Each structure stands twice: as structure tokens, then as C-alpha cells.
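Residue numbers (the numbering used here), protein chains in the order written: chain A, 1 to 589; chain B, 590 to 963.
I should point out that these hints are in silico values taken from the structure, not numbers from a laboratory. If you're wondering where the values come from, they're calculated on a predicted model, not measured in any experiment. Keep in mind that a hint or two might mislead.
What the hints assert, rightly or not - If you want the ones that stay clear, here's a sample from chain B, every Cβ over 10 angstroms from chain A, calculated:
| # | residue |
| --- | --- |
| 1 | 701 |
| 2 | 716 |
| 3 | 742 |
| 4 | 837 |
| 5 | 840 |
| 6 | 857 |
| 7 | 936 |
Stated by the list, open to error - When the alpha-carbon atoms are kept at most 25 angstroms apart in a straight line, the in silico SDA-like pairs for lysine to any residue are as follows:
| # | chain 1 | residue 1 | chain 2 | residue 2 |
| --- | --- | --- | --- | --- |
| 8 | A | 346 | B | 955 |
| 9 | A | 346 | B | 888 |
| 10 | A | 256 | B | 954 |
Unchecked claim - Footprint (simulated), chain B over chain A, 3 or more residues, beta carbon under 8 angstroms:
| # | segment |
| --- | --- |
| 11 | 345–359 |
| 12 | 499–513 |
Glycine is no exception: its CB is placed at the ideal position from the N, C-alpha and C atoms.
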Amino acid sequence: MTDVRVSETDPFESAVPERDGRRPGNPGPAGGSFGTADWLKWAWRQLTSMRIALVLLFLLALGSVPGSMLPQEGTDPAGVQQYFTSHPALAPLLNHLGLFDVFGAPWFAAIYLLLFASLVGCVVPRTFRLAGSARTLPPRAPRNLARLPASAGYATAVSPAQAAEVAARVLSSHGFRLRRPAPTVLAEPTVLAEPTVLAEPTGAPDSGSGSGPGELEGHWVSAEKGYLREVGNLLFHLALLGVLVSVALGGLFGYKADRLLVQGTSFADTQTDLDEFYPGRLVTAADLPPFTVTLNTFEASYISSGAQRGQPNSFDAQISYTASSGGPVRTDRLEVNRPLSVDGAKVYLIGHGYAPEFKVTDARGQVVFDGAQPFISGTTGNFLSQGVLKVSGAQPEQLGFSGVFVPTAVDVDGTLESVFPAADNPVVSLIAYAGNLGMNSGPSQSVYQMDTTGMKQLTAAPQLLRVGQSLKLPDGQGTVTFTGYQQWVSLAITHDPGQLPALICGMAALGGLLLSFVVRRRRVFVRASTSPEGTTVHVGGLARTDASGSFEDEFASLAAELRSAHQQAAQDQGVPPSAPAAPNRHEGE
Amino acid sequence: MPVNLALGHVSNDFLIAALVIYSLSVVAFAGDFAFGRPRRAGASGRVPQERAAALAAVGAAAVGGVVGADPALAAGSAGVLAPDGVQTPADDQVPGAGGGSGGTDSMPELAVPALRAIREAGAWVRAGVALSGVGVAAHIVAVVTRGLAVHRAPWGNMYEFVTALTCVAAIFFLFVMIRYRAWSLGVFVMGAVVLALGLAETLIYTAAGQLVPALQSYWLDIHVTAMTLATGIFFVAAALGAVYLIVDRYARRVAAGRAEPGNGIVRRLPTTEQLDRLTYRTIVFGFPVWTFGVIAGAIWADQAWGRYWGWDPVETWAFITWVLYAAFLHARATAGWRGRRAHYIQLLGFTSLMFNILVVQVFVTGLHSYAGVS
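Work out the full structure, taking the sequences as your base and the hints as a guide.
Written out as C-alpha cells, the structure reads:
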């Protein structure tokens, strides 16, 4: 992501006008008559200036901070609720500023959209410029090559014209783009052998701009290489745009859903059968592929000894599923890091827990509930799980139980604690209520919470039950039996069409980044002139200043190759290769 | 597979040994400052000017083809340039092809082979480099044995992550120091390594153990390895940036007449120009690795959690870090932001990286809560 906007001291791009708004020559809004078009132009120039891009980058970083420090609607809605209760004065204000949904807030979108607008405003002209620079020639060879960062010199027996010719051939074979003196000003016009060699066109735009008469004399070659650097840089920035588009694609056409599934039960991927459904903006429930999934067994194993006792070792969910188009029932295994792909959606194992099984009879002696009720555990406490059981069919009064499930129960000073996450000594502790559950009126209730305002508590203290034990409710209200437990898993079902494009764009960005960091833009110049020893060849080169890696090594091997090519040419002509090589220093300079 | 406890102990012992040897190397590098042979860190201050002049000349060629056309300019420049300044004798292998300006980084000693340069740098530097090398070897053994003991990549929790990233930083810096003959930086970077490793050893030591199922994936090897590498590289860049700010501050104080020129410590340090270039290269190396690490993390998140990006706190801070280092790279190409300000930005980036590791992963609830720190 380097040198997006060109610095003024960059010798490779100094022909390009500086893109900074604060340049002295840049007319600002203060100066004289300034129309709407001028204002727009000025604003656009500001936006696409590097300074504003830097400021926007900072704002993007700064704006992300509250998204990680405050609970967010998308990832932690319960945390947001809790924040509202614990900070009743502050929370509405923060909510007004969108700080509970930072990454969906308009101001955050404004930052990144402005940044991308700035990026487009910078990248598009640079793409044209790159296309243009592929057609223009490298600059003429400077007169004094010894003043370049890398230089070399030696004598050769071939004529200057031939030396330049040989040099052009060598440099061209290394993929350099070449520029040679215009044939018209040469004493003996050189016929160019290489089709890739670009002779300077007569009347080139820069030929009259201050070139002294001495400039056009002599035999020289200018060579330039490394345009891929700019290509990589542009690719990187365009790929970032692609990532943004991919994310938007996912937001429009993707969906996400959650489903808690108790061992031995099934669900279909339809809106009514899902716990939560978060469709993309252009997705409806009709777009869901209604495949079905059954959880056959779930096993969690834990480390049983040592310092890591209680830490999970592996999770393994055995499932069977049927694609929505029908077909055979297939079985598969769901693990963390191993989702199931079905009908273009993916099913993930996200969490797990316990569902104690109860059998409830009411005052009439009828069985009004017989099944598993999922309980929820926090992140700590070895799966000490809480939940409620609402028996709305009980007569004459509805029954409700709020309970705690303890997988491996140990009595610590009168309170129950779970000392291990596996169900080695499962116990439930229940408080029974009778009355109106309030399920027929008001907003829909969570299955994990119970409104006890319309109910009376039947048992004073929580009642402990082991598997198989029953609790007789007072006044013949019925009985509840803790018959056993099942495990449940929570599944996430997602579909994101932007996923593959995002991956491709991400890899393209990385590739472009590497290209722009590894490739150097560099120029090599060769001048051959007549000297007392015959012909002296001067080679000079420079690479973009902030390039990584060592240009010197490449230059040294190029210079050595040029030199041996000249020696070879001299030998082919029958001139003895006895011309003493001048050392690196140039005599007489 | 159960943890090999004996091998785990071997790893611990080697890590302690590495810590002790690193500390001794810091002492040796500090000794070089105090008692070492005076070295000429100058001579290079002139080179950038020369290069700038040459670059400007050829850059001008890009505009109008005027290079060499102005004899007065050429003569003027020749007068400024010391006649013996730029070119050094050619390498033995490549007669006639000069390296020019004493190597890419204008470090005058660069023409000398590495081993000879170490020999000639004085007893303190010799000791410092040798101790750093031995320390790195012990450190590598410690990391490898830890990996063998737990049968996985040895960066599965915070403690392992810090030991691995300091190992990367030490290896990388050893390379940079020898490559660029930057002996005077040893006390700063190896000092920072000792500090980080010592804090890890005393504050967040975690015994060799197994990983939770969420981490049992080959993406741990890919994602966390990339993050470890990048963090180790950025670690070196941050130390270099801090040295840059020290040298730069001193230079400005001298310019303002508030400090005596010729400070003995600063004179031994590389110039701001050299430090800036070295830092830039370090970050250019680290930034793609970090980018790859973020992408690999996104792929893993997609495998494990069903989305490739979900603004989990740790993801958010990895993004902030990425943006800040990108801002550094842009700042270097922006007039008025080069130099000091750019280095403040990269140090801010490193701060956000450290904040992510030390604060967000430990104290902020999210999906990345694997620090294993209690």
C-alpha cells in the first residue's frame, strides 16, 4: 500500500503533478471568483489528496475502537441489554450515536465510503497514467553516469556505435524497455536489430525542451524496467474495492440463522423451524433451502486430570441430513472447525449444553409434559445451567418450574457447585410455581425465562432431585420427575455468496502488495564514447529510492554481463581483448 | 495425545538459558557503547545528499530531458561532491562493476564481508553478537521442544505466543544487525526482547498443555504462525522506530541550540536516514505477512464460526493495526508526514498490536479468548 500518491521527490514520477491540495500553486477556495464547479473540483482534489486519505485511514482506525470496547448488537445483543440496565443514563446517548452497532452505523459507512472514493479518485487516474507510461519512452541517458547511485566504467575495443548496439541487445534481453538516440542526429544511423527496441521518434515531445546541442551527441541507451510494481500497487487497491463489494454482496444476498437442537430431534431449514433468522436485505424466507438435519448423538470429552482438568478435548456431533430436493438420508459428523455443506448453506457446530428431561403430571394425574428442556449455561461454572419449564397444559392451574442443572454436583458449604463439565453426578434443583404463565397475552416469551408475577411459589426452598427422583407438589398439584438428561447443540446456518469473491479479492490484494513491494522500478543507462584507449563504456543505474532489496547486486551483474558482451563482440571482430579494463573509477572525471 | 512433561521441562530450561544469554548480550552491547572502540557512524550523512542530487538529475530527465545539458549544474554538483566519496573499489568477483555509494544503505562498513566486519567491530560487539547467536539457538531449541512436547505448533496460548514472537524478533534482528552492520542497535532491540521474554516468563507462564477443540485445526499453524512472524518483525520495527525518534529528537535539539552536538551515544547510532530506511524495509517485510495472517484468520473464522469477518474484538484490533501500518506506508509518501510523524504512526500501530494481545485477548470477551492467562 506504499506510495499510492506520488511524492514530489520521486524521480520516476516527477512529471506527474503533485496531488496535494496544499500545494502553493493550487488555487484554494479563498482565491477570487469561485464557482460551484470550482468548488467541486477543489473538494474532489482535497478528497483524493494523500493527506485526506491519511486522515480517513486514522478515522477508520479510531472509529473501529468503540466497536471493540462496547457490546455490539451484531455479536453480543445480550451485552447491549445489560449495558442499558447498568448505564441507564449513558446507554441511550451511545445508542443514538450508533455506538452499539458501529460497523453498521452511517458515520462509519461515511468514513469507509469516503476512503474508497478517495482511493478510486487516486487509482483510476494512475491506471491511465500507467497505461500511458507503457507507451512513453524512458528518459535520455544523462551525460555523467558516474553521478548516479550505481555506476561502472570500462574500456572496450569495439566502436562506440557498436558498443551501444551490443548494450541495447543485452538490456533488451533482460526485458528492459529501451530508448536510443534519434537516428537523424546520429553520425552513422544504427539499424536496430531488436524489434522491441524503441527508437526515439523524431520530434518527440521533450526533444526541444532545453536540451543543449551536446545532449544529442554520442551513443547511448536508456533502459527502464519494473512497471509491474505499479501494476501490483494498483491491483492491491482495486482488490480492496473488490473486498468491499464482496462484503456488500454477502449483506444483500446472504443469510444467517441459529437453531438449538436437542439430541434425538430434527429441524428443517425453514423460518418457522429456526430459532433466529437474519436474512440479507434481498433475501426472504422463501429463499431458504429447506433441508433437514437430525442430531443423532453428541459427545463432548474433557481432560479429566491435571492443571487443565475440565477443559474440553473434543466435540463430536453425529448427524443425519436430507437435502431439500429430497434424496437419500446421509450421515455425517459435525465438529468445531468442520462444518457441513448442504444446499449451498453451511451448518456449524457453535455450542452445546444440557437439556434435563422431566415428566410432569398435573392435579388430575394426567401426564402433561414428558421431554427434554434445554438449559443454558454461562461461560464459566462447568456447565452449571439454568432454565425454566413451562407446563401450560396443566390443570386446573398452569405449572412452571425454574431450575438449575448441575452436571457434576458437589455441595460446597451448602451451595451446589459443578466441579466438572461432564454429567458425572447430575442433579437438578427446582422451584415450582402455579398460576398463570401469561403466555396467551403480551409479547412472546423466551423459552429460557418465566414471568412469575401471576404465579405463586409452591416450594419455599429449591428442591434437589437426582435422576429418577420425583417432587410431589403441595396440595396435590401434581408431581415432577427428573427422568434423565439429553445434550443439545447450537447450530449456525449461513449462506454468504460474497465469501468466494472476498477470498479471491483478498488473495489478489496480497499478490498485488507483494508485487509492489518486491518489484523495483529501475533505470539503466549506457554511454559509449571515444577515448584514448579506444572506446570507453559508462554504465549507470538507479532504482526507486524506497525500493526494498538491493539494486546494487542486480546492477553489478548487469554491468558485468555488458562488459563480457562487449569483450565477446570485440573478439568476434578479431580485435584482441587486451584493452586494459579501467577500474571502477573513471579517469579524468 | 498426552503432553510430554519431560520435554516440556527441557523447553523451560532452554528458555531460561536463552533469557540469561540474551541479557548478557545486552550487557555486551551496552559495554560497546561505554568502552568500545570509537566507530565512525558519520561519512554516511553526506551520501544521501549526493544521491539526492543524482536522483534529482535523472528525475529531471523524466521531465524534460535536460540532464547533463546544464554544464553549470553538473560542475556545481561535482564541486559539492567529494571526489573520493561515492565509489568504493569494486567487488573481487565483479571487476569493473561498482556497488556505488557503499551499498544500498549507505552504511560505510557494508563492503566488508560480514564475519570480518564482526571481527573488526571490537571485542564488545564480538561478544554481543556471539551471545545473541547462542541465545537465539537456545531460544529456537526451547520453542521446538515445546512444540514436540505438546504435539502441535507451540503458539496456542499467550505465553507460547510471546515466546515464539520474541524468537522471531531475535532471529530477524540478528539477521538485520549482521546484514547492515548495525551493532549499535543491539542494546535496544535485544533489550526489548529480554524485557518481553522476561515479562512473559514471570507474568503469564503457562505450563505445556492441550488445546480446546476450537484451536485444533491446521489453521492454527497457518494463521497464528503468520501473526507470530509479523508481530516479531513489527517488534523489531518498533524498536528501530524508537531509536529513530531518539536520534531525530537529538538532531532537532542540536539544531535548535538546546543540546551540544557530538553526543557520544547518538554518534554511534545510525543516522535518521539509515534508521528510517531500515524501519521501512522491516515494515514492508512485515505488512504482507500480517495481511496474509488476517486473511488466513478470516478463512479459519469462516470454518469455525460460520463467517469470515464478524468484528470480534480481536478481529477489530487486527484491522486497526493493519490500517495504522498502511497509514505508515502512505505517510512516508506524503509531504509533511515523512520521518518523525510516520514513525509515530508505526509506533501507534505497534501499540495497537500489543493492546490487542495484552488487553483485548485477556480482558475483553470475544471469540478469541484463548490467552490461557488466569
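Against the structure, the hints:
For residue 701/B, the condition that its CB be more than 10 angstroms from all CB atoms of chain A holds, with the nearest at approximately 15 angstroms. The non-interface label for residue 716/B is consistent with chain A: the shortest C-beta to C-beta separation is roughly 29 angstroms, beyond 10 angstroms. For residue 742/B, the requirement that its beta carbon stay farther than 10 angstroms from each beta carbon of chain A is met, with the minimum near 15 angstroms. Look at residue 837/B: its CB is around 18 angstroms from the nearest CB on chain A, clear of 10 angstroms, so calling it non-interface holds up.
The claim that residue 840/B lies off the interface holds: its Cβ sits roughly 20 angstroms from the closest Cβ of chain A, which is beyond the 10 angstroms cut-off. Every CB of chain A is more than 10 angstroms from the CB of residue 857/B (nearest about 25 angstroms), matching its label as outside the interface. Even its closest Cβ contact with chain A, about 14 angstroms, leaves residue 936/B beyond 10 angstroms, as expected for a residue assigned away from the interface. For the given pair, residue 346/A sits about 22 angstroms from residue 955/B by alpha-carbon distance, which is consistent with the 25 angstroms threshold.
Straight-line distance between C-alpha atoms of residue 346/A and residue 888/B comes to about 14 angstroms, which keeps the hinted pair within the 25 angstroms bound. Of the pairs offered as hints, the one joining residue 256/A and residue 954/B holds, with about 22 angstroms between alpha carbons and a cut-off of 25 angstroms not exceeded. With 3 residues having a beta carbon nearer than 8 angstroms to a beta carbon of chain B, the segment 345–359 of chain A meets the requirement of three or more and the stated coverage holds. A stretch counts as covered by a chain when three or more of its residues have a beta carbon under 8 angstroms from one of that chain; for the segment 499–513 of chain A and chain B the count is 8, and the coverage holds.
When the structure is compared with the earlier hints, no violation turns up for any of them.
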